[in-house]
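Colleague: Following the hints, put chain B in place on chain A, whose structure we already have.
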Amino acid sequence: MGTATRAEPVPVWHQRRVRIYDREAPLGYLLLVPTLVVLGIFLLYPFFFGMWLSITDSELGNVGKFIGLGNYRFELRNTDGVFYGAVINTFLYTGVTTVFKLGLGLVMALLLNQVFPFRRFVRAALLLPYIIPTVLSYEAWRWMFDPTFSVINWLLVNTHLVHYPGPNWLGVPANAMAALMVVNVWRGTPFYAISFLAGMQVIPVDLYEAARVDGARRWQQFTNITLPLLRPVLLVVLLLSTILTFADFQGPFVLTNGAPYNSTQLLSIWAYQWGIPGGAIGLGAAISLVLFPLLTIVVAAVLFMLRRPE
Amino acid sequence: MSRALKQAPWLIFLALLLIFALAPFEWMLVASLKPADEQLIRGNPWWPDSPYWANYTNLLGSHTFQHWLANTTLVMTSTLAISVVASLLAGYALAYLEVPFSRGIVVALFATYLLPQGVLFLPLVTMLSQLHLLNSPLALILTYPSLVIPFGTWVLWSFFRGLPRDLIDQARVEGARTGDILLKVVGPVAAPALAAVLLFGLAIVFNDYFYAFAFVSDESAQTLVAAVGSTSVDISDSGFIFAAVTIGVAPVALLCAFFADVYARGLGAGVID
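Chains as they are written, first to last, in our numbering: chain A, 1 to 310; chain B, 1 to 273.
Same shape as in the complex, but just chain A (with noise of 0.2 Å):
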């Protein structure tokens, strides 16, 4: 049939195709001009003159001259530990929340994804707080753990789970890495749920009736058909989540700004530190482009876990 379509006479209108198909090209590329003007200029450049500020001694306001390695010397050398600090805490900021949001974004789709009253209600307040501004939720998060009048504290104390004045989540290292994260699972779970939620939603349902028929128990069809159908969501979440997390500044920025004695410093916030208020924008440059190479070890690594079987 194909062949015998082809031996014909070419028809009007097929010509006319062929003509249209030749300048197209052109007329594609002139569309996406705008996306690549916008993208270049904003995004491709500033990553390359970044590259270049963080070799030279520039200030705010100031591009400087060329100073070599001098400012990575310079953090990598330091002995104060801050830089060091940083980057372990930015892996370890990342790696334990990425985990709980994964687990509990997991549940909450699997929840979402019953039919129960209010169905619809439950799903948009848990997305809220995704939703939220950050600055505006981590505002309210910052209050809520103040040392003198925190909330948390207040509920804690009138329930008689702790003793007056209750614990000091924000002044104390530790407390304060761990409410760090607890806010960052907080506001990341529902972006997990919610695009699991549309990646189980497509799963065919013939597959769990199958299975069903087969007697595979409800783990069963968990393990066997939802997790490896929802590779591909679970791939692209878990990227988004990690790079997005890896480089968090605004929530951090709120919440502890490094503090208290640079225990919950980040190394975005560290650059940023370096960079604005304290003006030296070459070496702020030089900070935030160490996120580069070690962005790309997480997301090696996460590629690598979720790999396609063989």
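These are computed hints drawn from the structure, not numbers from a lab.
Please note: incorrect hints may appear among the correct ones.
As the list claims (entries may be wrong) - Pair ranges (Cβ atoms, derived):
no.	chain 1	residue 1	chain 2	residue 2	range
1	A	L207	B	T73	46 to 52 Å
2	B	R161	A	P228	20 to 26 Å
3	B	S62	A	W219	54 to 60 Å
4	B	G43	A	W219	45 to 51 Å
5	B	T57	A	E59	41 to 47 Å
6	A	G64	B	S62	40 to 46 Å
7	A	M51	B	E26	43 to 49 Å
To be verified - Selected chain A positions facing chain B (in silico; Cβ < 10 Å):
no.	residue
8	L104
9	W154
10	V254
Claimed, not checked - So these bits of chain A aren't anywhere near chain B, every CB distance computed over 10 Å:
no.	residue
11	F74
12	V82
13	V87
14	H160
15	Y164
16	P167
17	N224
18	R307
19	R308
Since the model is a prediction, treat every value here as computed from it, not as a measurement.
All residues carry an ideal CB built from backbone N, CA and C; glycine is no exception.
Modeller: Frame of chain A; chain B shown alone:
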């Protein structure tokens, strides 16, 4: 009965999750309804004794607050307009036109999320300062689309690829111009995907504090979120700030409640592909 018993632990867990998710908002709302001298000190901090509305009336009458709202609206609408148009054009081109390297461009778009704001903000501050754009809402209007467009293009691209090709080919064969195809054929069909892009953009712009805070420090040029974040809240005017926070949260919360499904589907459409 046994079924209900089996479900009980799950329902309890769901209730705990709900409490965890909503408690900060409840407290914020209560705090915004308390006078300064009562704030956090007397009475039950989780419940207002009698609602105190002056925080809201003071806030709405304040010129600074009106500036914040105006700046937020300006930045938001401009960013969304630029992003949606750029994403629509790019998504269309990548899905329907035979652009060389289109696959590579799609992959590159996703890869832009490997460049976190934390790496870009210091060079951007320097660039914007050289252009004398620091402290102007224009700094945000120019930079925000770069955060929305990659995702927007990606969502529209995957949405378009799911549509039957005949729809476009038919219009093309009939000699329709690209502009007409976009407005009259593709645009209306793509409404749900466009809604997802709009919501995503809204969430990005509304959520961003990093750029807003690093590029704009003048109080009168700030957006609501940046202003609230950088005001050092002291105990005597905390009610005022929490009223601002509540007003900032309310529209997003409503949108979220109404469009949670659209958002999920849009996200799903992007992610699952």
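Colleague: Against each hint, give a clear statement of whether it holds in the structure.
Modeller: Results for each hint:
Checked against the hint of 46 to 52 Å, the C-beta distance between L207/A and T73/B comes to roughly 47 Å, which is consistent with it. At about 24 Å, the beta-carbon gap between R161/B and P228/A stays in the expected band of 20 to 26 Å. For the hinted restraint 54 to 60 Å between S62/B and W219/A, the CB-CB distance of approximately 56 Å keeps it satisfied. Our hint of 45 to 51 Å for G43/B and W219/A holds, since their Cβ atoms are close to 48 Å apart.
Checked against the hint of 41 to 47 Å, the pair T57/B and E59/A passes, with Cβ atoms roughly 45 Å apart. About 41 Å separates the C-beta atoms of G64/A and S62/B, a value consistent with the hinted range of 40 to 46 Å. Checked against the hint of 43 to 49 Å, the C-beta distance between M51/A and E26/B comes to roughly 46 Å, which is consistent with it. The interface hint given for L104/A holds, since its Cβ lies 8 Å from the closest Cβ of chain B, which is under the 10 Å cut-off.
Contact between W154/A and chain B, as hinted, is supported at the beta carbon level, the nearest pair being about 6 Å apart and thus within 10 Å. A hinted interface residue such as V254/A counts as satisfied when its beta carbon comes closer than 10 Å to some beta carbon of chain B; here the least separation is about 6 Å, so the hint holds. Annotated as non-interface, F74/A keeps its C-beta farther than 10 Å from every C-beta of chain B; the closest such distance is 16 Å. Even its closest Cβ contact with chain B, about 17 Å, leaves V82/A beyond 10 Å, as expected for a residue assigned away from the interface.
Consistency note on V87/A: stated as away from chain B, and its beta-carbon is indeed over 10 Å from all of that chain's, at 14 Å minimum. For H160/A, the shortest C-beta to C-beta distance to chain B comes to about 16 Å, beyond the 10 Å cut-off, and the non-interface label holds. Residue placement check: Y164/A keeps its beta carbon more than 10 Å from all beta carbons of chain B (closest about 15 Å). A cut-off of 10 Å between C-beta atoms confirms that P167/A is not in contact with chain B; the least separation is 17 Å.
With a least CB separation of 20 Å from chain B, N224/A remains clear of the 10 Å interface cut-off, as annotated. With a minimum CB-CB distance of about 18 Å to chain B, R307/A clears the 10 Å threshold, and the non-interface call stands. With a least beta-carbon separation of about 16 Å from chain B, R308/A lies farther than 10 Å from that chain, consistent with its non-interface assignment.
Every hint from the earlier list agrees with this structure, and none is contradicted.
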